[in-house]
Amino acid sequence: MIFAQIFDAINIGLVILDRDLKVCKWNRWMEMNSGIPAAEIVGSHIFDFFPNLKTRKFLRSCKSVFTFGNFCFFSQKLHRCLFPFKTTGCFDTRFEYMQQSCAMGPLRDENNEVKYLFIYVQDVTEAATYEQKLVEMNMRDSLTGIYNRRFLESKLREEFKRHKRYSRPLSIIMFDIDFFKKVNDKYGHQCGDFILKSVSSMIASQIRNVDFLIRYGGEEFCCLLPETALEPALGVAERFRKSVMEHDNNFDGNNIKVTISLGVAEIRPNISSPETLLKKVDEALYRAKRKGRNRVEAMI
Amino acid sequence: MDVKKEKILTDEEVDILQEIMNIAFGQAASDLADVIDIHVILSVPFVKILQAPELPGYIRDEIRDICNISIIEQKFLGKFRGNALMVFPSHAGKELIALFGLEENMHPDADPAETLGRETLMEVGNIMIGACIGKLSELLRDSVTYSPPRIIIENHPCDTIPDSQLAADDSAIVLKTVFSFDRGSISGFVFLVTSHESIQWLKEALRKFIERYE
Amino acid sequence: MQKMIRKILIVDDSPIARKMLKSCIPRDRGYEFYEAGDGREAVEKFRETRPDVTFMDLTMPVMNGYEAIEEIIRIDPKAVIIVVTADIQVKAVTKVMKLGAHMVLKKILRKEEVEDALLKAEDTLRKFS
Numbered sequence: 001m002i003f004a005q006i007f008d009a010i011n012i013g014l015v016i017l018d019r020d021l022k023v024c025k026w027n028r029w030m031e032m033n034s035g036i037p038a039a040e041i042v043g044s045h046i047f048d049f050f051p052n053l054k055t056r057k058f059l060r061s062c063k064s065v066f067t068f069g070n071f072c073f074f075s076q077k078l079h080r081c082l083f084p085f086k087t088t089g090c091f092d093t094r095f096e097y098m099q100q101s102c103a104m105g106p107l108r109d110e111n112n113e114v115k116y117l118f119i120y121v122q123d124v125t126e127a128a129t130y131e132q133k134l135v136e137m138n139m140r141d142s143l144t145g146i147y148n149r150r151f152l153e154s155k156l157r158e159e160f161k162r163h164k165r166y167s168r169p170l171s172i173i174m175f176d177i178d179f180f181k182k183v184n185d186k187y188g189h190q191c192g193d194f195i196l197k198s199v200s201s202m203i204a205s206q207i208r209n210v211d212f213l214i215r216y217g218g219e220e221f222c223c224l225l226p227e228t229a230l231e232p233a234l235g236v237a238e239r240f241r242k243s244v245m246e247h248d249n250n251f252d253g254n255n256i257k258v259t260i261s262l263g264v265a266e267i268r269p270n271i272s273s274p275e276t277l278l279k280k281v282d283e284a285l286y287r288a289k290r291k292g293r294n295r296v297e298a299m300i
Numbered sequence: 301m302d303v304k305k306e307k308i309l310t311d312e313e314v315d316i317l318q319e320i321m322n323i324a325f326g327q328a329a330s331d332l333a334d335v336i337d338i339h340v341i342l343s344v345p346f347v348k349i350l351q352a353p354e355l356p357g358y359i360r361d362e363i364r365d366i367c368n369i370s371i372i373e374q375k376f377l378g379k380f381r382g383n384a385l386m387v388f389p390s391h392a393g394k395e396l397i398a399l400f401g402l403e404e405n406m407h408p409d410a411d412p413a414e415t416l417g418r419e420t421l422m423e424v425g426n427i428m429i430g431a432c433i434g435k436l437s438e439l440l441r442d443s444v445t446y447s448p449p450r451i452i453i454e455n456h457p458c459d460t461i462p463d464s465q466l467a468a469d470d471s472a473i474v475l476k477t478v479f480s481f482d483r484g485s486i487s488g489f490v491f492l493v494t495s496h497e498s499i500q501w502l503k504e505a506l507r508k509f510i511e512r513y514e
Numbered sequence: 515m516q517k518m519i520r521k522i523l524i525v526d527d528s529p530i531a532r533k534m535l536k537s538c539i540p541r542d543r544g545y546e547f548y549e550a551g552d553g554r555e556a557v558e559k560f561r562e563t564r565p566d567v568t569f570m571d572l573t574m575p576v577m578n579g580y581e582a583i584e585e586i587i588r589i590d591p592k593a594v595i596i597v598v599t600a601d602i603q604v605k606a607v608t609k610v611m612k613l614g615a616h617m618v619l620k621k622i623l624r625k626e627e628v629e630d631a632l633l634k635a636e637d638t639l640r641k642f643s
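Protein chains in written order, with this note's numbering: chain A, 1 to 300; chain B, 301 to 514; chain C, 515 to 643.
Think of the hints as simulated: they come from the structure by calculation, not from any bench. In this text, a Cβ means the ideal position worked out from N, Cα and C, and glycines have one as well. Any given hint could turn out to be false.
[To be verified] Among the chain B residues that face chain A by a calculated CB cut under 7 Å, a handful are: (1) Asp-331; (2) Ala-333; (3) Val-335; (4) Cys-367; (5) Gly-401.
Work out the full structure: start from the sequences and follow the hints.
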């Protein structure tokens with residue numbers, strides 16, 4: 001059969017299983033990516049070679065295809081991959097394994113009975129990598145690399161929901177570089193950018209990996225501290241203040257010292273929305289500024 | 301070809317179709333229980349013939365008691381072809397996750413709540429639609445293929461169902477069934493909207509079907 | 515062998531389904547057929563005609579098959595009722611057998627199954643008579 005050549009020529013993986021889930025066909029693409037030659041796997045139970053395939057969803061899908069003759073889909077979003085193959089190719093990817101979009105369907109005999117099922121495996125690593133980069137870009141600040149305001153807004157909504165359910169504490173620190181405009185005016189915008197990067201990377205190195213550091217806008221930053229009440233959060237803020245004050249920012253032969261003012265707030269029963277929390281912490285920050293800068297103020 | 305306003309299916313054809321639906325959905329329910337290991341109830345399906353533009357309004361009327369809904373759509377292609385829509389109340393996603401055990405398939409860095417909820421709806425939609433259409437096409441001696449399921453409406457009030465994009469003079473055979481799982485804690489609707497082109501074939505298939513019993 | 519089955523009652527809301535079932539029953543045995551379109555009508559017809567065998571659908575308007583079986587068994591505990599349904603989930607089958615149904619046949623029916631069921635019904639009738 002001339003048309004059968006497509007089986008090995010096509011750039012997707014094709015597998016055919018019989019009703020006992022034994023491999024009947026294993027195309028060249030599968031050979032290449034799995035390193036398992038067809039001669040070796042044909043006739044064996046698929047689970048002998050891929051024991052992790054044996055999930056409820058996979059078994060149910062096989063049963064469904066044999067019973068109803070329908071198609072079942074295994075999306076990259078949920079499954080990442082059906083067959084764990086190492087990523088090949090030269091493009092930059094964070095995925096250790098090839099990202100796959102797979103589907104399963106029936107093969108019928110002349111009496112319309114489902115005799116076999118086929119699985120096709122599509123390599124979608126490239127698209128998934130781009131998507132991941134886009135998602136990443138969408139929540140990061142391009143100058144400093146820390147999270148952006150959009151991320152904060154969605155994270156706060158999420159944290160509020162979690163707080164409502166489990167009533168675990170959550171605090172937020174908002175801080176601002178004192179007299180930042182003067183730095184810009186005196187040393188130029190490039191230096192201003194350097195200071196923003198320097199302050200954010202220094203703070204970033206001090207937080208836990210459950211905390212989130214966000215560039216809120218201009219020279220304003222936020223730090224979200226899950227599972228942290230106001231009192232310890234004030235301690236964290238004080239540490240930030242000291243370390244920024246003591247840090248040497250060397251730019252173009254100049255050592256530029258900056259300080260920050262900080263406000264701290266925590267979720268309380270009377271704070272019912274992310275907006276109110278942000279308002280509270282902003283008020284605290286404003287008070288720190290008014291009281292002379294380079295200091296920490298708690299919400300009232 | 302001019303269809304005019306004449307009856308698309310005769311009364312007898314509707315009766316035959318109704319019985320085929322009863323059988324198909326009955327078998328689907330019983331095989332589903334076996335495949336997904338959950339007791340499934342599918343109501344006696346209801347057959348209605350509509351002009352395409354009436355469809356969104358019809359669906360809105362049928363489901364108006366549910367506040368927020370999600371709709372899964374899947375196309376089926378055989379001699380018998382069209383669109384299948386599965387309507388869930390929005391909260392169903394969460395409850396179905398445990399029932400269908402998809403957590404074990406979830407990759408740890410997938411966004412848990414959202415991805416899992418959506419994937420579960422699509423999984424359940426795919427299998428329910430596959431069961432209904434599969435049994436139906438088996439009885440009519442057809443074999444169909446399917447597009448991947450898509451979520452076309454997610455967590456919206458039911459009055460936001462968009463108006464139809466089908467051609468105005470297309471007619472549609474709408475088959476509606478109410479399903480429920482697990483002692484009725486989760487229920488929803490399946491609508492099968494048959495495309496205009498398959499109606500001639502359907503008439504012929506219905507005739508052949510009943511001939512076996514003459 | 516004396517012929518035990520004379521009257522057959524067919525209960526199904528779909529006229530097509532009744533027709534399909536009838537076409538599976540041998541025509542040369544001189545059976546008398548009675549039909550009902552829902553459970554309520556089935557109970558009335560049963561009381562009137564006292565059929566030897568009743569074929570019963572489960573999902574019907576007005577009164578469903580489960581209730582009809584219950585009432586018919588109340589009228590005649592020895593009534594031979596054969597349930598005909600497409601949905602044969604274990605739960606449903608156990609329920610009708612508990613209610614007193616004789617056996618369950620799966621739609622779509624095949625001629626041989628129906629003939630076989632009638633033979634078994636005849637056996638039962640003979641044992642009880």
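To see whether the hints hold, each was checked on the structure:
1. Asp-331: Holds. Min distance 5 Å.
2. Ala-333: 11 Å, violated
3. Val-335: Hint holds; Val-335 of chain B Cβ to chain A Cβ min 5 Å, cut 7 Å.
4. Cys-367: 19 Å, violated
5. Gly-401: 5 Å, holds
Hints 2 and 4, counting from the list given before, are not met by this structure.
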